[in-house]
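Chain A is already provided as a structure; the job is to place chain B on it using the hints.
Just so you know, the sequences run in chain order A and B. Under numbering that gives the first Met the number 0, residue 223 is the last one in the first sequence; the count climbs by one each step, no gaps. Under numbering that gives the first Met the number 0, residue 877 is the last one in the second sequence; the count climbs by one each step, no gaps.
Calculated directly from the structure, the hints in this document are not laboratory data. Incorrect hints may have been included.
To be verified - Pulled from the structure, derived: some chain A residues nowhere near chain B, Cβ distances all over 12 Å:
hint, residue
1, Leu9
2, Asp36
3, Thr67
4, Arg75
To be verified - Looking from chain B toward chain A, a few residues come up when the C-beta cut is under 8 Å (computed):
hint, residue
5, Leu17
6, Asp19
7, Phe91
8, His202
9, Tyr309
10, Asn314
11, Gln315
12, Phe578
13, Met582
Beta carbons: idealized from backbone N, C-alpha and C, even for Gly.
So you can see what is in the structure, the chains are spelled out below.
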Amino acid sequence: METFELKGKLISREQVPAVGLHVEAFDKDPVLKPDDDLGKTNTDSNGFFVMRFDKSKFNDFWETLDGTPDIYLVVRDDKERQLLETGEAKTKREIEYHIRLDRNVPNPEAADPYSGNARRMLNMLAEVGELIGIENRINLDLLNNGDPTGEIKKDLSNFINGYEDRRNNFDQFIAILTSLTGFLAEESRVGNIGYDGAQVPKLPRRVPYDQVIIWPRQEEFKWA
Amino acid sequence: MAKAGGVQMGIIYGTEKLTDRNEKYEVIESDIVKRADVCIIGSGAAGAVLAKELAETGRSVILIEKGGYYEGKDMNQRELDMMPLLWKNAGFNFADNLRIAIAQGCCLGGSTIINDAVCFDTPQKVRDQWKDMGVNFTDEEWGYHTDRVNKILHVTEVAEGELNRNNLMLKVGAEKLGLRNHNKNFRNCVNCMQCGFCHIGCHYETKQNVLVTYIHSALSKPDPAMKIYCNCNIEKIIFRNGIVEGVQGSFIDIDRTKLYRVRINAKIFVLSAGAIASSKLLLQNGIAQNTAGLGLCLHPGVEVIGDFDYEIKGNQGIPMAYTVHDFGVTRNTELTREEYNVDDNTDEFLIESIFLPLFQFSVALSAGGIAEHRRLIQRFNNYAMAGIVVRDDNIGRVALTSTGRASVSYEPSQKELKAIAKGVEVLAKMWFALGARRVINSHRAMPIIEKEEDIPRLLEKILGDPKNLLLGSAHPQSGNKIGNTPSDSVVDSNCRVHGFKNLFVCDASVFPTSVGVNPQISVMTVASMVASRIIKDWDNSYSNLPLSGGQGNTCSITQPMYCPNIELSEFFESSKTRFDTSMLVNSQTDKLDDSNWKLDPESLMIYNNTHWKGIYSRDSNIQNTLLLYFGGFWKRFTKGDTSDIAGTTHPFESPVFAKNRPTEKELEGFGKVILLEYEDFPFNQFYDVLKIVDENTVLGKAFLGTPRPGREILTFSMSRKYPFEFMTEEDHELLYSKMKKPSLESMVGIWTGRLISDSMWSDTVFWFRYYFDYDDKGGKILKNDYVFGNALAGSAVVTDKEDHLEMRDLTGDFFHDEIRRVNDDILVGKYYSKESFITRWLPQGPSFLHVDKSRGSVYLPYVLKRIGDESAYRNRVG
Numbered sequence: 000m001e002t003f004e005l006k007g008k009l010i011s012r013e014q015v016p017a018v019g020l021h022v023e024a025f026d027k028d029p030v031l032k033p034d035d036d037l038g039k040t041n042t043d044s045n046g047f048f049v050m051r052f053d054k055s056k057f058n059d060f061w062e063t064l065d066g067t068p069d070i071y072l073v074v075r076d077d078k079e080r081q082l083l084e085t086g087e088a089k090t091k092r093e094i095e096y097h098i099r100l101d102r103n104v105p106n107p108e109a110a111d112p113y114s115g116n117a118r119r120m121l122n123m124l125a126e127v128g129e130l131i132g133i134e135n136r137i138n139l140d141l142l143n144n145g146d147p148t149g150e151i152k153k154d155l156s157n158f159i160n161g162y163e164d165r166r167n168n169f170d171q172f173i174a175i176l177t178s179l180t181g182f183l184a185e186e187s188r189v190g191n192i193g194y195d196g197a198q199v200p201k202l203p204r205r206v207p208y209d210q211v212i213i214w215p216r217q218e219e220f221k222w223a
Numbered sequence: 000m001a002k003a004g005g006v007q008m009g010i011i012y013g014t015e016k017l018t019d020r021n022e023k024y025e026v027i028e029s030d031i032v033k034r035a036d037v038c039i040i041g042s043g044a045a046g047a048v049l050a051k052e053l054a055e056t057g058r059s060v061i062l063i064e065k066g067g068y069y070e071g072k073d074m075n076q077r078e079l080d081m082m083p084l085l086w087k088n089a090g091f092n093f094a095d096n097l098r099i100a101i102a103q104g105c106c107l108g109g110s111t112i113i114n115d116a117v118c119f120d121t122p123q124k125v126r127d128q129w130k131d132m133g134v135n136f137t138d139e140e141w142g143y144h145t146d147r148v149n150k151i152l153h154v155t156e157v158a159e160g161e162l163n164r165n166n167l168m169l170k171v172g173a174e175k176l177g178l179r180n181h182n183k184n185f186r187n188c189v190n191c192m193q194c195g196f197c198h199i200g201c202h203y204e205t206k207q208n209v210l211v212t213y214i215h216s217a218l219s220k221p222d223p224a225m226k227i228y229c230n231c232n233i234e235k236i237i238f239r240n241g242i243v244e245g246v247q248g249s250f251i252d253i254d255r256t257k258l259y260r261v262r263i264n265a266k267i268f269v270l271s272a273g274a275i276a277s278s279k280l281l282l283q284n285g286i287a288q289n290t291a292g293l294g295l296c297l298h299p300g301v302e303v304i305g306d307f308d309y310e311i312k313g314n315q316g317i318p319m320a321y322t323v324h325d326f327g328v329t330r331n332t333e334l335t336r337e338e339y340n341v342d343d344n345t346d347e348f349l350i351e352s353i354f355l356p357l358f359q360f361s362v363a364l365s366a367g368g369i370a371e372h373r374r375l376i377q378r379f380n381n382y383a384m385a386g387i388v389v390r391d392d393n394i395g396r397v398a399l400t401s402t403g404r405a406s407v408s409y410e411p412s413q414k415e416l417k418a419i420a421k422g423v424e425v426l427a428k429m430w431f432a433l434g435a436r437r438v439i440n441s442h443r444a445m446p447i448i449e450k451e452e453d454i455p456r457l458l459e460k461i462l463g464d465p466k467n468l469l470l471g472s473a474h475p476q477s478g479n480k481i482g483n484t485p486s487d488s489v490v491d492s493n494c495r496v497h498g499f500k501n502l503f504v505c506d507a508s509v510f511p512t513s514v515g516v517n518p519q520i521s522v523m524t525v526a527s528m529v530a531s532r533i534i535k536d537w538d539n540s541y542s543n544l545p546l547s548g549g550q551g552n553t554c555s556i557t558q559p560m561y562c563p564n565i566e567l568s569e570f571f572e573s574s575k576t577r578f579d580t581s582m583l584v585n586s587q588t589d590k591l592d593d594s595n596w597k598l599d600p601e602s603l604m605i606y607n608n609t610h611w612k613g614i615y616s617r618d619s620n621i622q623n624t625l626l627l628y629f630g631g632f633w634k635r636f637t638k639g640d641t642s643d644i645a646g647t648t649h650p651f652e653s654p655v656f657a658k659n660r661p662t663e664k665e666l667e668g669f670g671k672v673i674l675l676e677y678e679d680f681p682f683n684q685f686y687d688v689l690k691i692v693d694e695n696t697v698l699g700k701a702f703l704g705t706p707r708p709g710r711e712i713l714t715f716s717m718s719r720k721y722p723f724e725f726m727t728e729e730d731h732e733l734l735y736s737k738m739k740k741p742s743l744e745s746m747v748g749i750w751t752g753r754l755i756s757d758s759m760w761s762d763t764v765f766w767f768r769y770y771f772d773y774d775d776k777g778g779k780i781l782k783n784d785y786v787f788g789n790a791l792a793g794s795a796v797v798t799d800k801e802d803h804l805e806m807r808d809l810t811g812d813f814f815h816d817e818i819r820r821v822n823d824d825i826l827v828g829k830y831y832s833k834e835s836f837i838t839r840w841l842p843q844g845p846s847f848l849h850v851d852k853s854r855g856s857v858y859l860p861y862v863l864k865r866i867g868d869e870s871a872y873r874n875r876v877g
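Isolated chain A, as found in the complex (with noise of 0.2 Å):
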């Protein structure tokens, strides 16, 4: 039978082990049914917990279609409040969570620091261009003084030399530019590689959320 396992490590706002929390698991079903109980279990004096479970806690006909429960985790105190649930996770094999018990005071009003980078990278940028050309000058005196035709010759073939190499590297780095540009901008592919991305808000300043890492994994780490 397929086993699945849940783990991670709850720290508090103050970044010490939570220790003695009950985190329950619960498979995400439709309004109408109540969700699938997976288990429950306590974190330890380092604040790691684990639980594992199968199948069977969450076959049911919402999960035959692609066999992956909709995973959420509830954290309690011992006085059973509860202090978080995550968002929902799907895996065919293990999620790993790690979670700091802080959250945010939002302030809509918060500046954003990003807004403006679109101009700060295009300064940048043109002192990485200026490079390129910078020994590239007009030398009078090889128009006019001693062997022109050598000089022009010997100070052409270095000029094209160290510019071929640089303007190569630099190509190179269009390359990149160009390529990741258009990877970004198809938000599906970024999707179908698996790529996890961002665990926070755009702007964590301005809305609530909770601390929680999501690690899913879809198989088991077989380089033994």
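Coordinates of chain B only, in the frame set by chain A:
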């Protein structure tokens, strides 16, 4: 909040509007001039440690940071949001060849905000090597301060359960290959949330960077003696006779526009800006130009990626938690090196597990083309990644480009390449041993190998074709070495710059060699030792140093020529006219002579009483910006036979001499002022309101429209005593006539040139390099290489004339330069055209052009300023 010298302490200042901060934060809205015991430039691993240790033992400390102030809640785990906020150049920070990416933090807390929290104490072997090179830190000091730093950063060993799958891959791989000396890392992270986003700031503040430890500790004391200026870029170090008086720079916004000016005066100054920026600051300011930036190390490295059939998800969890020491300076056995035929004892490298968030991972995969890149990134979840960090020799260099920018030159030698190749060999073997279907590396000519038999070919490419090897560095260090002699080191064992009483450099740049392990603990330990030495020596060596009152080029009522419009206007509103109209009267003659013109050689202030020089605000609008070099004006007042005072206003470069008359008046809305009314049409449509704030300074506002009140059009200041850099063409002419020629020998070095117009100087528009060369007959000649406007370059020969030096380039008789000396570091010059009858008909030269009627030619008046020795520069100028 505590006050030191009337200054609020315990506050972080910056130019960005930020809300809900952990620390007290205020937005800067004007120029500042501040004093403190200690001024530290750079708030990273070294600067923050020094600042806390010195502030907590009673010194008042000003800590300056070029980047912004961001804390946990700002770190939103999105690379494109965070890299521009936290990384130097948003991460696009390269050596000159653009082939080596250098990761450095540029924010409050510096690189400790973006590092992987890896902690290694300075290896004993390295400490011993440094001792042999003249570094005088005792074992007791090393021991005590290493412990202290580790304690403050809460350094602990990674727990077994914290090794994610990527770290386990390295651990199991190392076991499989029979490597002997590999361990979990120590990290400065308490109860890590394992989000994997260390590189873009720790949202949960579990990473014990210097902001949440050292800086927070110093700011949260009941009587904090520290204050911090963020978004503040220091450019100038002002010093005389081995004593630094102050530093100057600007507060910048997100466009890097200079908003406000800053001048800090202190008893001691510490540069902790990192190996590249500290070297640049020294070189730009003409300090240690023969040694600074030489021998830069980068710990160059490459990442080697294995592509596996099973899911690893290396981005989930601690990126760097495991290290293989078998080949490193920290090894405890030679057996592995023998097995792997590492014959050279100095080839040392670590193999460290590492994983990156998506954007940075994408960059690490950059060896293929665009299509290939897309295919590769699809396998993101199946990659195992580890990196090689090479303990390199002192082979790099920070220098200045001929136009004064920082240049980092670094080409790995065979030694470094051999170490990289060996590391790639071990890792590629490891990934294949674990069942990788292919191995990806960063050599552009062979980015992917499919089988173990291809490894030797890849190694050949690495050794034989290094130009296609993309390298990364996260540990720029050395360059401003500690040592005993100024000829081969920059600082002594107290990190004090040779030849200076109160200038220190303290960051990774003072390491005599590369340290061979992730350097943050070493940097902090050195800073902690240096801080304790400064504290110990304070009473005897530093407390009696003079505290300068210099204001630099910041705006104040005593130097309104440096003010932006809003402050000029405020000064005008808040000040009273202190004298009557007779104080306005200028010298009888309008010809410059010894009675009405003086130059103070010390302060370089010009006193010119033929007129009041009018100066617009420094942030004039576009209309005025156009006028900057073409505009400006003077006003001249004379007293005739009667008691009446008559005035004239003359806009430079124009034939206008508008007559006016000053009278003292009580004016509604202004109080007692001097009203200046014009006599003739059309100028009588205007009037000025003046306030004489001191003997040589007048503030004024110009109005359009009579009868009063008209519409305000301009705020200005007028001075008859002004800094050198506001000299007029007439001042230049007189100054030139009074000066003598310099000796040929004194010219050698690098100089910047600025053109003079009546209203103000230009920015630096040309760079000169003077040096001795030999002519065809073997005779010694002084030559001048020049770059004009970063576009034209050429060479001229200098000849010693009777009363000046003359420079002629290939333009021969058409143009030449004539130069005289003001002091050792300042020259005045003229760029003359050939004599022409046309010029005799020109009334005056527009803007920078000046007509010399006696010769019948025109010239560009300019001032040259010495900015240092040739040794600071990457290439010859030109």
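Each hint tested on the structure:
1. At the 12 Å boundary, the C-beta of A/Leu9 falls inside the reach of chain B, the nearest C-beta of that chain being 10 Å off.
2. Remark: the non-interface label on A/Asp36 is consistent with the geometry, its nearest Cβ contact in chain B lying 26 Å away (cut-off 12 Å).
3. Chain B leaves A/Thr67 outside its interface by the beta-carbon criterion, the shortest separation being 15 Å against a cut-off of 12 Å.
4. With 12 Å as the threshold on Cβ separation, the claim that A/Arg75 sits away from chain B holds: the shortest Cβ distance comes to roughly 21 Å.
5. Interface hint status for B/Leu17: upheld, as the beta-carbon distance to the closest one in chain A is roughly 5 Å, under 8 Å.
6. Interface restraint check for B/Asp19: the shortest CB-CB distance to chain A comes to about 6 Å, inside 8 Å, so the restraint holds.
7. Interface restraint check for B/Phe91: the shortest CB-CB distance to chain A comes to about 5 Å, inside 8 Å, so the restraint holds.
8. The interface hint given for B/His202 holds, since its Cβ lies 6 Å from the closest Cβ of chain A, which is under the 8 Å cut-off.
9. With 8 Å as the threshold, the beta carbon of B/Tyr309 comes within range of chain A, its nearest partner Cβ sitting at about 5 Å, so the hint holds.
10. The interface hint given for B/Asn314 holds, since its Cβ lies 7 Å from the closest Cβ of chain A, which is under the 8 Å cut-off.
11. Interface restraint check: B/Gln315 against chain A, minimum CB-CB distance 4 Å, threshold 8 Å, status holds.
12. Below 8 Å, beta-carbon pairs count as interface contacts, and B/Phe578 has none with chain A, the closest being about 47 Å; its hint is therefore violated.
13. This hint is violated: B/Met582 has a C-beta 47 Å from the nearest C-beta of chain A, more than the 8 Å allowed.
Checked against the numbered hints above, the structure breaks hints 1, 12 and 13 and satisfies the rest.
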